[in-house]
Amino acid sequence: MKVSLNLLKKFVDLEGLTPEEIAKRLTFAGVEVESIEKIASASKVVVGEVIHCENMENSDHLHVTKVNCGPKYGTLDIVCGAPNCRKGLKVIVALDGCVLPGGTIKKGQIRGHESNGMLCSLLELGVDSKYLSEEQTKGIEELPASFEVGSENVLELLGLDDTVLDLKLLANRSDLYSVLNIAKEIKTLFGKEVNLPKASVKETFKANFKVGSETEKCPQFSARVVKGIVTKESPSWLKEALRSSGIRSINNIVDIGNYIMLVTGQPLHMYDLDKLEKQELIVRDDIEGDFVALDEKTYKLQKGDICITSNGKVMCLGGVMGSLACAVDEKTKNVVIEAANFDYASIRRTSIRLNLSSDSSQRFVKGINPNQYDYVMDLTADLLLSLADAKEVAEVDTYLKEKYVPTKIKSSVKYINGRLGTSFSKEEVLGALKAAHIEVKDSGDELEAIIPDHRIDITGEADLSEEVIRILGFEHIESKLPVTELFVGKLEPNLEKKRSVRSYLRGIGLDEVLCYSLVDKDEIDEFRILNKDEAYKVLNPLTDEHQYVRTNLLPSLMNTLIYNKNHSNDNVAIFEVSDIYSLPEHKSIHLGIALVGNDLRRYALKGEPYSYYHLKGVIDSLLALFGIDEKRAVISRLEEKEFHPGKSALLKIDGKPAAVFGELHPNTLKKYHLEKENVCVLEFDLSVLFETKTSLKKMSEISRYQSVKRDFAFIFEDKVTSKEVVQEVYRVNRELIKDVEVFDVYKGEHVKEGHYSMAFSIYLNSNEKTLVDKDISAVEEAVIKAIELKFGAELRK
Amino acid sequence: MAEEFSKVKEVEAKVLDEMSKVNDEASLKEFQEQHLSKKSELSQLMSEIRNVANEQKAKFGQAVNEARNKVMEAFQKKSQEINDAIIAKKLARETIDITLPGYNYKMGGINPFYLVQDEIIDTFVSMGYEVKEGPDVESDYYNFERMNIPANHPAREMQDSFYINPTTLLRTHTSPEQARAMDEKEGKPLMMICPGKCFRRDDDDVTHSHQFGQVEGLVVGKGITLANLKGTLELFIRKMFGEKRQVRFRGSYFPFTEPSVEVDVTCMNCGGKGCSTCKGTGYIEILGAGMVHPNVLKMSGYDPEVYSGFAFGVGVERVAMLRYGIDDIRKIYQGDVRFIEQFTRK
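Chains A and B, in that order, are what the protein sequence lines are. When we follow the working numbering, the leftmost residue of the first sequence carries the number 18, and every step to the right adds one. When we follow the working numbering, the leftmost residue of the second sequence carries the number 4, and every step to the right adds one.
Read the hints as simulated data drawn from the structure, not as lab findings. For glycine and all other residues, C-beta sits at the position ideal for the given N, C-alpha and C. It is possible that part of the hints are untrue.
[What the hints assert, rightly or not] Below, in silico cross-link-like pairs of lysine-lysine (DSBU-like), each with a Cα-Cα straight-line distance of 30 Å or less:
#1 B:LYS276 / A:LYS55
#2 A:LYS427 / B:LYS225
#3 B:LYS225 / A:LYS425
#4 B:LYS135 / A:LYS669
#5 B:LYS276 / A:LYS41
#6 A:LYS582 / B:LYS109
#7 B:LYS135 / A:LYS554
#8 B:LYS242 / A:LYS514
#9 A:LYS41 / B:LYS247
#10 A:LYS458 / B:LYS301
#11 B:LYS191 / A:LYS427
#12 B:LYS242 / A:LYS497
#13 A:LYS55 / B:LYS282
#14 A:LYS714 / B:LYS242
#15 B:LYS188 / A:LYS673
#16 A:LYS320 / A:LYS295
#17 B:LYS200 / A:LYS549
#18 B:LYS282 / A:LYS147
#19 B:LYS200 / A:LYS425
#20 A:LYS497 / B:LYS135
#21 B:LYS334 / A:LYS538
#22 A:LYS710 / B:LYS200
#23 B:LYS301 / A:LYS497
#24 B:LYS334 / A:LYS687
#25 B:LYS191 / A:LYS515
#26 A:LYS41 / B:LYS242
#27 B:LYS225 / A:LYS443
#28 A:LYS514 / B:LYS191
#29 A:LYS507 / B:LYS188
#30 A:LYS431 / B:LYS225
#31 A:LYS515 / B:LYS200
#32 A:LYS693 / B:LYS334
#33 B:LYS109 / A:LYS514
#34 B:LYS349 / A:LYS514
#35 A:LYS497 / B:LYS188
#36 B:LYS188 / A:LYS515
#37 A:LYS554 / B:LYS200
[Unchecked claim] Computed footprint of chain A on chain B, listed as stretches where at least three residues anywhere in the stretch have a Cβ under 8 Å from a Cβ of chain A:
#38 131 to 137
#39 253 to 266
Isolated chain A (complex conformation) (with noise of 0.2 Å):
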């Protein structure tokens, strides 16, 4: 909402406050003032007469002119580029020295002709060409005749020495879009005198114009006749103030339904009465059908919609666009003035639909004041009559559903500073919301507040508090820490057990990263293994871009990849681990890692290129992290498209599948332009992690005797698996047997096509006694015969 100073002082005393005072207070109190604007701005301008004007030779747009600026500053040789420049014309003149938005100007010679100043256009002194006519933007400013030349305050007679204070109005305070609620405003915050225009209306005739709503949604609807109107151009006064708020000027007509609207917040609409089919007014809402607004459009009707209807032909749709059948021209003599009040819910459930919005549908969406009809009725007349010479004026008819009540609220001073934590006075209390202009009336203890018409914000106790401490300020307000009962601060069991995820990865030297939960199509159907549920869709995204509710996280995590690695960051090593969400209400926990280029940890300089390893090294320290058996953890070849099918794995815990990593497929690479890369990447359910029942660790015991180690080297079939016989070697002896490590495998020269080499050591020990050589070697004995029985693997001497 634009508020101009020079409008709002008509209606409130604003002396000795500077537009930085107020703008400072408002915005304390709740109405931020988001910036304090200049109309116009020039120092050194006069208003001149051109008194001579000739076209200058090898120039086909400049003039020589001599510009009478009065007894102060004689006449001046001014040089002008404008095309209606001409003798006769009163001009603003910019003297040399003159500060305008653009410069300083400056005597000086163009073309060899003396130039000591200025002709200006509006532009030139800052006014936005938004409120200027074509013709006014193309030229110098063509003054009215009647001014005197040699006139220095010319913003003051052109109504340009205005300051506008743009307010940021919030969903609470739809009062404000009124100036003359402004104006109450600061009377509220500085103690001003308000002064409100009185209408002073006499009704000449009784027009017996029938109104009536045959639906809910229309609380009121008045109507008044008006007759012998004439359209014209709005004085000076009209088009400043409606300029200055950010309004065109269109017509006298036109310029008093924005002015009535802008002043008192109560939209209006105008009805040529002579092309009303009956005299009458009926609001309805069960039309269906086309319906051709003022703006030439045709739109479709719904049952629902409000409208303003005549012999049963719908005349306006209501508080949203009038029809063009009985729309207000240059011809009309007689109109009818509407003010009433809608459903905004209803308004703005068309508005939406239609895609149709205006200031008039927009306050009646915000809520407007339900007791002003007949004021704003009396001054919207006032108006025609003098400045559209209006002959006649019928009474109002009004349609009332039912009669105004004004919204009463009980409460005490001790509620007040009681939520607020204050310790006002009972008279600063009944002090400021009688500057919110609420009647008061105090019984002892308890007190009665009766709201004024204008704040449908006020509903309750709380908003009585919140005026409080608006109006005596905020700084009343001390710090206190309050007192309770002592709580255990605590997080979500899966809050901590992501943070004990997210800091062992960073730990081991991984970047955390976050990426948007919304993506495009492409990203849902790429590595849609982990969680193949249909994605939630945006019905109504911004761009294609972020469309869909991410299902897994990998997509997100090859687009960093890649985006890191355009970026020249070659080794990269990166996880997320965020919620995700999927049909039907399906959410659960995920981790995504993806690693591209070389491991740095163990050799500093060149480093290891990232393999599967890496990640199956991640996988077993995180069962580790949450006590998960290795028993219980199963890997298995995974067998999807993206990946490397002999370098990838998936994980079940308890038979459910967890994680699925690995290195990606030659296929998935190109597609992702990383044909040259090795990338692994991982996706892990952490629900399944963290939903895993583990029980609690009970210390076990370390033996007191001396360990033994043994080791052994077998020649395998490729098909045998490492950790087929690791448990076979612990099912050699369960009690003697502590760990069996792998420390090496091996491929090539010496071992037959189709084999392999593994070697592992054995830890012996017991809790018993010191184990010697008979103990040993029956163990190892047993091994080998194991190993040799159940894989046909052949012992390495």
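Starting from the structure of chain A, add chain B where the hints point.
Below, chain B without anything else, positioned relative to chain A:
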């Protein structure tokens, strides 16, 4: 007789002289074989004892032993010297460039978003708050209705929220968790925060993001006041931005709080004098807060006549950007490791 004694001296001198020529491992070994073995002259000296008169035998033995000890002592010293030289040479060969980079055991970087969010969480946990998480995909009922934003309230404008269907949307704030927390507590006092992702239909630019993080806070109890909100936020803001920060309230509006305030903090760049960061005002807007609206309490089964509460919502990116001087919110979501790796701990 004296002949035998002088031979001892002679051999001793000769061996010591030989020893002085030893200068490396090989000559040491050669010397040892030649002069210290059983068949060496020095070892054979004792056999001369048979030619010595009986009364002189003891003295002779002593002389031989002395000579041998002297030689052995000198030999020990010599071999020590040579060994030291060998080790010194070996170590010299092994010398490395101690300025080359060490193995890379760096902690991974952390997105400053999480750095800030984790710290906010820890701060409130230390004050006794419970931490809860709500869903990103939220019902219209919790996101709006329970937050005192009835149907057709302007705050519900389609252009502000991402809808999945007419009754489901991506949450626009973390406030719905207030209602859930109160539902769970069934009318008992509570202190909780809720960190989470939120979504609004904003075009992404330097300061706007269609996705952003918020931490919601809620305290409900008997006699909770606006002054309690100020005390709590002051403690929190000073922990995050430094002990010298001042906090001030400005009037505002949120449908679910009454009174509502914007909370400003003295500028962390200029300390309140006014600079470009705070656009000359000395203050920076940091979060929105207020006293829980009686309707919100009522809908959650709390009697607003008995209970009151305060609530606040902190923008995580905003705090991170202010604290670390991040000039573009999109950097937080880009995942450039050169950005992430600048942050490891607070």
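>> So if I understand the rule, the pair passes when the alpha-carbon distance is 30 Å or less; does LYS514 (chain A) with LYS191 (chain B) pass?
In response: holds (27 Å)
> Holds or violated: are the alpha carbons of LYS41 (chain A) and LYS242 (chain B) at most 30 Å from each other?
Replying inline: holds (29 Å)
>> Next pair to validate is LYS225 (chain B) with LYS443 (chain A); report whether the Cα-Cα distance is within 30 Å.
In response: Between LYS225 (chain B) and LYS443 (chain A) the Cα gap is close to 23 Å, so the pair holds against 30 Å.
> If you draw a straight line from the CA of LYS693 (chain A) to the CA of LYS334 (chain B), is it 30 Å or shorter?
Replying inline: Holds - the C-alpha atoms of LYS334 (chain B) and LYS693 (chain A) are around 27 Å apart, at most 30 Å.
> Does the stretch 253 to 266 of chain B contain three or more residues whose Cβ lies closer than 8 Å to a Cβ of chain A?
Replying inline: holds (count 9)
> LYS458 (chain A) and LYS301 (chain B): Cα distance at most 30 Å?
Replying inline: holds (27 Å)
> Holds or violated: LYS349 (chain B) with LYS514 (chain A), Cα cutoff 30 Å?
Replying inline: holds (21 Å)
> CA of LYS225 (chain B) to CA of LYS425 (chain A), is that 30 Å or under?
Replying inline: holds (26 Å)
> Quick one, are LYS200 (chain B) and LYS549 (chain A) close enough, alpha carbons at most 30 Å?
Replying inline: Holds, because 23 Å separates the two Cα atoms, which is no more than 30 Å.
>> Does LYS135 (chain B) sit within 30 Å of LYS497 (chain A), going by the straight-line distance between their CA atoms?
In response: holds (25 Å)
>> Given the hinted pair LYS427 (chain A) and LYS225 (chain B), is their Cα-Cα distance within 30 Å?
In response: Answer holds: LYS427 (chain A) to LYS225 (chain B) is near 21 Å, not above 30 Å.
> Hey, LYS710 (chain A) versus LYS200 (chain B), does the alpha-carbon distance stay inside 30 Å?
Replying inline: Roughly 29 Å between the alpha carbons, so the hint for LYS710 (chain A) and LYS200 (chain B) holds.
In terms of the numbered hints stated before, the structure departs from hints 14, 15 and 19, listed from lowest to highest.
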